[in-house]
Each structure stands twice: as C-alpha cells, then as structure tokens.
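Below are the chains, spelled out letter by letter.
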Amino acid sequence: MITAPTIEYFALAPLLIIFGAAIIGVLVEAFAPRYLRRAVHVPLTLLSLVGAFALVILQTVRGVPTTPAAMGSVAVDGPTLFIWGTILVLSFVSVLLINDEEQFVPSAAAVPGSAEEEKAITEGAAHTEVYPLALFAIGGMLLFPASNDLLIMFVALEVMSLPLYLLCGLARRRRLLSQEASVKYFLLGAFSSAFFLYGTALLYGFAGTVDLLGIRERLAVGGGGTETLLLVGTAMLGVGLLFKIGAAPFQAWKPDVYQGAPTPITALMASGTLVAAFGAVLRVFWVALGNDSWNWEPIMWGVAALTMVAGSILAITQTDIKRMLAYSSIAHAGFLLVGVMAVGERGQNALALSGLLFYLVTYGITTVGAFAIVTLVRDPGGEAWHLSRWAGLGKRSPKLAGLFAFFLLAFAGIPLTSGFFGKYAVFRSAVALGEAWLTGLVVLAVVASAAAAFFYVRVIVLMFFSDPSADGPTVVTPSWATSTVVGFSAFATVALGVFPQPVLDLAEKAAKSLFVQ
Amino acid sequence: MELYAPILVLAVLGAGFAVFSVSIAPFTGPKRWNRAKLDAYECGIDPTPQPIGGGRFPLKYMITAMLFIVFDIEIIFLYPWAVAFDKLGVFGLVEMVLFIVTVLVAYAYVWRRRGLDWD
Numbered sequence: 001m002i003t004a005p006t007i008e009y010f011a012l013a014p015l016l017i018i019f020g021a022a023i024i025g026v027l028v029e030a031f032a033p034r035y036l037r038r039a040v041h042v043p044l045t046l047l048s049l050v051g052a053f054a055l056v057i058l059q060t061v062r063g064v065p066t067t068p069a070a071m072g073s074v075a076v077d078g079p080t081l082f083i084w085g086t087i088l089v090l091s092f093v094s095v096l097l098i099n100d101e102e103q104f105v106p107s108a109a110a111v112p113g114s115a116e117e118e119k120a121i122t123e124g125a126a127h128t129e130v131y132p133l134a135l136f137a138i139g140g141m142l143l144f145p146a147s148n149d150l151l152i153m154f155v156a157l158e159v160m161s162l163p164l165y166l167l168c169g170l171a172r173r174r175r176l177l178s179q180e181a182s183v184k185y186f187l188l189g190a191f192s193s194a195f196f197l198y199g200t201a202l203l204y205g206f207a208g209t210v211d212l213l214g215i216r217e218r219l220a221v222g223g224g225g226t227e228t229l230l231l232v233g234t235a236m237l238g239v240g241l242l243f244k245i246g247a248a249p250f251q252a253w254k255p256d257v258y259q260g261a262p263t264p265i266t267a268l269m270a271s272g273t274l275v276a277a278f279g280a281v282l283r284v285f286w287v288a289l290g291n292d293s294w295n296w297e298p299i300m301w302g303v304a305a306l307t308m309v310a311g312s313i314l315a316i317t318q319t320d321i322k323r324m325l326a327y328s329s330i331a332h333a334g335f336l337l338v339g340v341m342a343v344g345e346r347g348q349n350a351l352a353l354s355g356l357l358f359y360l361v362t363y364g365i366t367t368v369g370a371f372a373i374v375t376l377v378r379d380p381g382g383e384a385w386h387l388s389r390w391a392g393l394g395k396r397s398p399k400l401a402g403l404f405a406f407f408l409l410a411f412a413g414i415p416l417t418s419g420f421f422g423k424y425a426v427f428r429s430a431v432a433l434g435e436a437w438l439t440g441l442v443v444l445a446v447v448a449s450a451a452a453a454f455f456y457v458r459v460i461v462l463m464f465f466s467d468p469s470a471d472g473p474t475v476v477t478p479s480w481a482t483s484t485v486v487g488f489s490a491f492a493t494v495a496l497g498v499f500p501q502p503v504l505d506l507a508e509k510a511a512k513s514l515f516v517q
Numbered sequence: 001m002e003l004y005a006p007i008l009v010l011a012v013l014g015a016g017f018a019v020f021s022v023s024i025a026p027f028t029g030p031k032r033w034n035r036a037k038l039d040a041y042e043c044g045i046d047p048t049p050q051p052i053g054g055g056r057f058p059l060k061y062m063i064t065a066m067l068f069i070v071f072d073i074e075i076i077f078l079y080p081w082a083v084a085f086d087k088l089g090v091f092g093l094v095e096m097v098l099f100i101v102t103v104l105v106a107y108a109y110v111w112r113r114r115g116l117d118w119d
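As given, the protein sequences belong to chains L and D, one line each in that order.
The opening position of the first sequence corresponds to residue 1 in the UniProt record's numbering, with each subsequent residue numbered one higher.
The opening position of the second sequence corresponds to residue 1 in the UniProt record's numbering, with each subsequent residue numbered one higher.
Looking at chain D on its own, in the form it has when it is part of the complex (with noise of 0.2 angstroms):
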C-alpha cells in the first residue's frame, strides 16, 4: 500500500488544483465579453442552434487533430529513446532516425497535398 502512497498524493494534489483553479477564476478573473470570447471554444462549431439534418462542419480541425496524433505519437517515443540514449548506442540511434524518416515522409506528403493550408 505504501507503494501507492504517491500517486494517491499526486492525484489528491491534481484534483485539488483543478477544481481550485476552476472555482476561483470567476472571482479572480477579469471580464471583458467580446464576440470572440463567446464563440465556441476552440473547434469553430456552434452547437446550437442546429443546423436542419445535422448539417456540414469543415474538416480542417480533424486534418489538424490527426495531424498532432502523428506527432504526439513521435514525441511518445522519442522520450524513452532520449533517457536511454547512452545505453542503447548506435542501434538505437539507426531505429530512430529511421522511424523519424518514415514520420517525415507523412509529413512532406501532407505539407505537398496541402493538408497545413488552412484555406
């Protein structure tokens, strides 16, 4: 049980910041309401009204989202590989460069087809 003395504290702690944090930003904050700061947060759909039959939203947060997956998924290994790095040598280092190259290639044929023009 000791063993899961820390997380049990990490977790008491994140809590407990989180729902400070949230609780006190009313009373803290400033308040200046503009029409920007009213829209919906971040995914540029308005949820209401809806529209009729469920209507069309723009694909360009998906392309964006899946994008970051990518290279959040690259960064996940990457970690790892850099606290190891002086124990795993050069196999190590051939591994991911590889990997990175294989990354860049999604990369260069999203940046060609356009996939990080916004418009």
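One chain only, chain L, in its complex shape (with noise of 0.2 angstroms):
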C-alpha cells in the first residue's frame, strides 16, 4: 500500500477557488447559451477573485504557514501571501477593464476584413473566453511564486503563459499586429521555457532533486564535481525567468507584445505576470540559489545595469504610448532586479524583501492605471497610440490627461507618488550591504530614473503645452468598471505616496516570515 500524500486544502484553497471558477468557466462557455455567458462569467470571474483573496486575508489572520504545503511542492508562506494578494487585487481590476467589451474580436479564426469575420460581427458572436482564459492565467501566476519544486514551476509557468498568448491575439482592432503579438509571444516564450526546463534537468543532475529546498541543501554541504551542471544549470533557468519578467538581453519580446496585445490584457501582463515573476525569481534565486550568490551575482549585476540602462534609454525614441510603457516596463524590472540583488547570508534579506514586494505593489497599481487610460484615447480605428495623438490632450481633457501625468509621475518616482516609496525602499536595502559594487549599482539605477523621467516629462509637456490637433482623438465617456480602475489606481498611488506606511508595515511582516527555508 503507497500512503497517500498528504494535502493542505485550506492552504491551497485561493488556488484551488481560481482554477476553479476557471474550469466552471469553460462549462458556462460550453452549455450557456450566447446572450447570457457574459452575464455569468463577469460576476463569477469577480466572486472568484474576491473570494480567493478573503481566504488569502484569512489564512494571513491565521497565522502563515511555516511547513511547505502539497509534499512540500508549493510553499504558502508570508512572502506567497502578500504576492497573492497583490495578484489578486491587480487581476480584479485588469478584469473590469476586460469587462469592457469594445476590447475583444468577434472571432480571432477569422481572417481580418474577411466575410467570415463580418458574418461573426453581424451575428454578435463575442470571445467570452476571455474570462476563463484570464482565470487560467491568473490561476498560473499565483502556483508560479509560491511553488517550491522546479517542476511544479515549470507546471505553474505554462498555465500562466499559455492563456496569455491567446489573449494576446484578440484585440479588436489592429488585428494583424494583435495576432503578431501573439505569435511572436508564444514561439519566443516557447523557447524560454524550454530553456527553464533544461535548467531544471541540469540542476537536478547537480542536485539529485528539483526541490528547491533540496538544492539548497545541497549546495550547502558543498563539494562535489558538478559545479558545470550548477554553472550552467543556473544560467538556463535565469534565462528562461528573466525573459518573462522581460530584462535584457531577453526584452524584445515586450513592446511587441504590450502594443499588439488588447489593452487590458497588456495591463494583466505588466502588472501580474511581472509580479508572479518576480516572485519565482525571488524564489529559485535566493530559496534554491541563495548559497551560491558568489556565482549569479556578478552576471544578474550585468542584467540589472543593462536592463535599466536599456529599457530608459530605448523609451526615450518611442513614438507609441504602449511601447513606450513596455519600455518604461523594462525599465522597472531592471530596478526590481537591484532589490534581487541584495541577498545572501548578510542579513539584508527581510529587508530587500519587504523593499522589493512593496515596489511590486505601487508599480502594479500605478501600471493597471496607466493603461485603463489608454484605452480611453481614442481614434475612428481604434485608440489612439501614436504620441502626436496625445499632443494637447491637457486642453481638450484636463481631467484625464492630469491623471495620466501622475501616473506616469509615480512611474519616475517623483515624492509624493507611490513610485517612490517603491523605489527608496529598494535602493535603501542595496545601499544598506554598504557594498561598493552594490552601491554603484544603485547609482546607475538612480541615473536611469532620471533619464526615464526625461520621456514621462516630455509626454506631459505633450499633453499640455502643446496645441491640441483639429481632428484630434476622442476622448470616450470612461464606463463604470473603468472609472473604478482608473479611481482605484489614483487614490492607491496617493495613498501609498503620503502613508506608505501601513502596506510597508504589512511587506515588512511578509518578508519576516522569509521564504520557507
């Protein structure tokens, strides 16, 4: 008789609610008839994502979980908690703006300005796929941080990846660059994840396990003559992470992607998918890899340095304001990477922890924001991308364009907004090593911050000190879901600008528990 393993339901149960509602949601898609799927998806869509996050508030009341749970497979620890409850809070509002359905294509099969495609038009024919597609992926990104087992994380990465290239390809409008979008998406992403799972092969012929725990463990005792399957082992699995968090050299995926992609799709993927990507980094880096930072180190500096340097600099040519946020993405993640940076035996982890899961928050919340206004501007074909669009948008709009400038405000962390916080909170634990190169790491994050804050100023000069076009873009009445978004995205960003302090509070006590070690 095998004994059967033993589950902790009530520590799984937020993934278990959102997978789900997910599968109850192919059913709906399946038997409901046509007129009624929206009205069934968008209310179980939302109840799922709220009742997952009660549980995640419950289980935090509770007491966090100091045992990995599932066979040691998925660790719901304090740092978990706080991720997923920041996914959740971004997924609900990137859901509302999925909610507006002037987003999705008809039918993504039909080819663009074909019979097939007016006949899906005419027939009100609509991809409510969207929402269990969305479910499925924000399912992926919750397991992808917490799980503590590579394969697991292999598991956990495609069922994140493999909705959002679907999604990717049904904007409404603009169909050939969405479906590019996914395209590229999809055989890039491939390819990385083929790269993370060869790491995995080649870690466990290191380690004998792919647990992460094992791994440390057995990189605590040392010794052996493997050190080529750890060396190289370690830089597959960088590859196949940092290409989803989008760092250079692996970030030409991103603009691509955040422009073709519907626009609350691309605010799904900015904000949770880099967040859950984060959270895996953070995982096998420092969980599996923390004892061997002498060997990650010096190469993630080099990616640090060149995905801030890289992402401000390339921003700063762009002529589109998605593309422009996807580098400003880039951007960011080279920040985020500066907080990965300062691990080790120093004791400077709870303290880099609590900085990076704090920027995660602020970052997320301001980009949801961002691109709920983007959606806004719009042209005869669609919204408005191109930057001279936007030109003036200050007169004709005030309100809107005021907002969009304080987002883009807190994305250069000027004080005040939620941006720095994030960022004094990161920089302060890599300065705080009192490392030189850790230190000058920090400097050239400071100087690619204020070359970022060049084009988010140059935009705002746009919108209100120049003269709006005649035929200038419309701005739509926002419906209800998006006034939420963009309220909720604001207020968030002011509040965590002037009292920062109750969601450091709750970091700080998140990254105390560390991860599971």
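Because the hints were derived from the structure by calculation, they are not lab data.
Any given hint could be a false lead.
Estimated spans, in silico, between C-beta atoms of each pair [said to hold, decoys possible]: (1) L58(L) - V110(D): 43 to 53 angstroms; (2) L151(L) - P49(D): 44 to 54 angstroms; (3) F31(L) - M62(D): 19 to 29 angstroms; (4) I73(D) - A190(L): 15 to 25 angstroms; (5) L3(D) - A436(L): 28 to 38 angstroms; (6) G113(L) - L78(D): 37 to 47 angstroms; (7) L13(D) - F31(L): 42 to 52 angstroms; (8) L58(L) - D86(D): 24 to 34 angstroms.
Away from chain L, derived, C-beta distances all over 12 angstroms, residues of chain D [claimed, not checked]: (9) L10; (10) R35; (11) I52.
The beta-carbon is built from N, C-alpha and C at its ideal position, and this holds for glycine as well.
Take the two lone chains and join them into the complex the hints point to.
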C-alpha cells in the first residue's frame, strides 16, 4: 500500500478557487446560450477573485504556515501570501477593464477583413472565453511564485503563459498587429520555457532533486565535481525566468506584445505577470541558489544594469504610447533586479524583500491605471497610440490628462507618489549592505531613473503645452468599471505615496517570515 | 551490459519486423489501384503541385490531432494508475476521477462548440 500524500487544502484554497472557477467558466462557454455568457462570466470571475482574496486575508490572520504544503511542492509562506494578495487585487482591476467588451474581437480565427469576420460581427459573436482564459492565467500567476519545486514551477509557468499567448491575439482593432504579438509571444515564450526546463534538468543532475530546499541543502554541503551542471543549469533557469520579467537582453518581445495585445490584457500582463515572475525569480535565486550567490550575482548585476539602461534609453525613442510603457516596464524590471541582488547570508534579506514586495504593489497598481487611461483615448480606428495624437490632450480633457500625468510621475518616482517609496525601499536595502559594487548599481539606477523621468515628462509636456490638433482623438466616456479602475489606481498611488507605512508594515511582516527555508 | 540485452533484442526484433513487412508488401499485396489509393495518405492535403503562395489548408486535421493528444495523455495517466490501483486506494481513485472530470470539461467544450463535426 502506498501512503496517500497529504494535501493542505486550506493553504491551497485560493488556488483551488481560481482554477475551479476557470473550469466552471469553460462549462459556461459550452452550455450557456450566447446572450447569457457574459452575464454569468463577469460575476463568476470577480467573485472567485474576491473569494480567493478573502482566503488569503484569512490565512494571514490565522498565522502563516511555516512548512511547505502539498508534500513540499507549494510553499504558502509570508511572501507568497503577500504576492497572492497583490496579484489578486491587480487581477480584479484588470478583469474590470476586460469587462469592456469593445476590446475583444468577435471571432479571432477569422481572417481580418474577411467575409467570415463580417458574419461573426453581424451574428453578435463574442470571445467570452476571455474570462476563463484570464482565470487560468491568474491561477498560473498564483502558483508560479508559490512553487517550491522546479517542476511545479514549470507547470505554473505554462499554465500562466499559454492563456496569455491566446489572449494577446484577441484585440478587436489592428488585428494583424495583435496576431503578430500573439505569435511572437508564443514562439519566444516557448523557446524560453525550453531553457527553463533544460536548466531544471541540469540542476537535477547537480542536486539529485528538483526541490528548491533540496538544491539549497546540496549547495550548503558543497563539494562534488558537478559544478558545471550547477553553473549551466543556473544560467538556463535564469534565461527562462528573466525572459518572463523582460530583463535585457531578453526584453525584445515586450514592446511588440504589449503593443499588439488588447490593452486590458496588457494591463494584466504588465502588472500580474511581472509580480508573479519576480516572486519566482526570488524563490529560485534566494531559496534554491541563495548559497551560491557569488556565482550568479555578478551576472545578475550586469543584467540589472543593462536592463535599466536599455529600458530607459530605448523608451526615449518611442513614438507609441503602449511601446513607451512597455520600455518603462523593462526599466522598472531593472530597478527591481537591484533588490534581487541584496541577498545572501548578510542579514539584509528581510529589508530587501519587503522593499521588493512594496515596489511590486506600487508599480502594478500604477501600471493598471495608466493602461486604463490608454483605453479611453480613441481614434476612429481604435485607441490612439501614437504620441503625436496625445498632443494637447490636457487642454481638451484636463482631468484625464492630469491623471495620466500623475501616473507617469509615479513611474518616474517623484516624491508624494507611490513610485518614490517603491524605489526608495529597494535602493535603500541595496545601499544598506555597504558594498561598493551594489552602491554603484544603485547610483546607475538613480541615473537611469533620471533618464526615464525625461521621457515621462516629455509626454506630460506634450499633453499640456502643445496645441491640440483639429481632428484630435476623442476621449470616450469611461464605463463604471473603467472609472473604478482609474479611480482606484489614482487613489492607491496617492495613498501609498503619502501614507506608505501600513503597506510597508504589511510587506515587512510578510518578509520577516522570509521564504520557507 | 546484460541488463540492456533484452532491449537490444527487442530493437533487433522490431527493426527486423519493420524491414520485413515493408520489403515483402510490394510482392505479396494485391494491386487494385483507384483514385483514393493514389491520394496523399491520411492528411488530405496534396503535397504536389504546391499552390502559389503556400495556399490554405483545412484545420480539421489539426483539431482532430490536438484532441487525440488530449485523450492520449489521459490514457497515459490511466495506465499506471490502473496497474497500481489496489495500492493507491481511495486517494488515487478520487484524484483520477478529478482528472477525468477536468478532461471531460474540455471534451464537453469541444463537443458543444462543434469541434467534433467534420464539416
């Protein structure tokens, strides 16, 4: 008789709720009549997110578990719960944006401009699969940073990515661009997954286990003649993970995909996926490879420096608002990597971790708000992406332009916005180590932030200090959902910029328990 | 090395059978040619002559192939479970039912969305 594995259902409940709701969503797609589907999907999706969030809160209140769940494969610890809460909030607001039916194509399989597409439009077809697909992606995002085992992490990576590849191709306007984004993301994503998987195999060869804690123990013991397996495995794993966060030199997909994807999906990817991927990066590099930091830190240093410089400089040359925000996201990934470096047995783990967690919250919320505003500025052929179309927007609709300017300032990290405290918390933890090479990286990050501030301010100047063209884009009246998202993001960006302490405390409390080790 | 001997024997037997069957078929098989027999095997697409610009091909086969993979994977999971059923007990049964239900959901989706209709 094989003993049945023990599964901590309570600890895994948020995951089970999201995946369960996603499966119910597929059944709704199969059996509900077309006119009812949206009416069922929207409450189902939002309620499952709220339910999962409530369970995360309940677990935090009842005390964070100290041992990994499900036979050591999923670690539901302080940081995981914090990241879960963040992802669920960001997903909730992103789903509110997805709720805007204008964004999605009636029939993605139809060739753009063909008779089939016409027919789908007149029939009132709609891709309500968007909701279950988004839920599957969100479920993957939750599992990705919580996995305590490289194989579970790979499965989570795929569960997260596959629905996103599809969702990218569903934009209603500029169909060809959207399909191009989808194919590019799929091919490059599959390629990077292969790297991740091969890295997993090599690390298994080194440690004899795929368990993160097992790899950690193996490194602590030291010795052995399989150093090559460790180094090549770490590099491969790093490629797979750094691809997902869009760090240079693996950033090429980000602008294309962020631009082509439907804007609500871009918001979900830019916020939720980034948070999840950073959680996974931390888990691999701090938990599994924490004892090996002298091997990977120099490379990570280079990647972080390259990422922030490339993101900041390439963003200056952009003429498209979505591509500019994508490069901004790359630059922010570079700033976040500074926090990843502040690791090791040097007593700064909790400080760095809480800084990173806080940065992820602030960046995610501001990003969703910024993309929500992008959905509102429209030309006859869809959203107005070209920066020249945004000229003089401040004179035509000052409220909207003012909010967008505020989000851009938060990206730049101006004091009194959440972005400032995010950057401050991460950079402080790196400087606190008192090591010259890390302090140097922080100096580079501050310089890159200044360069990045240039292109944010350029957009603000364009919006407020140039004359609007006669045939400028129209600003549509936002739906209640979009207004809620913009309002929430703006409120949170102010609140976290003025009173960051409650969330900082929460992040610190989460970071104190560190990752299960 | 003795451990690998059975695998080697199996490989030799397998290769021998394949070579034998393929080489004997032209001599022993009946030759009643018709249009269907001269068609491309199973995939329904004429490889020659190539239409200009690559042409378009029906997706029917791809959907069928993808469905086949879904059920194929299901069988791959069912086999070891069935072999060790008495050892896995109730837990194994519940897990397997859950797994089959999720595959069934995908199946129901494909069926309701007319993915199983040929035309």
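Any of the earlier hints contradicted here, and which numbers? 1, 5 and 8
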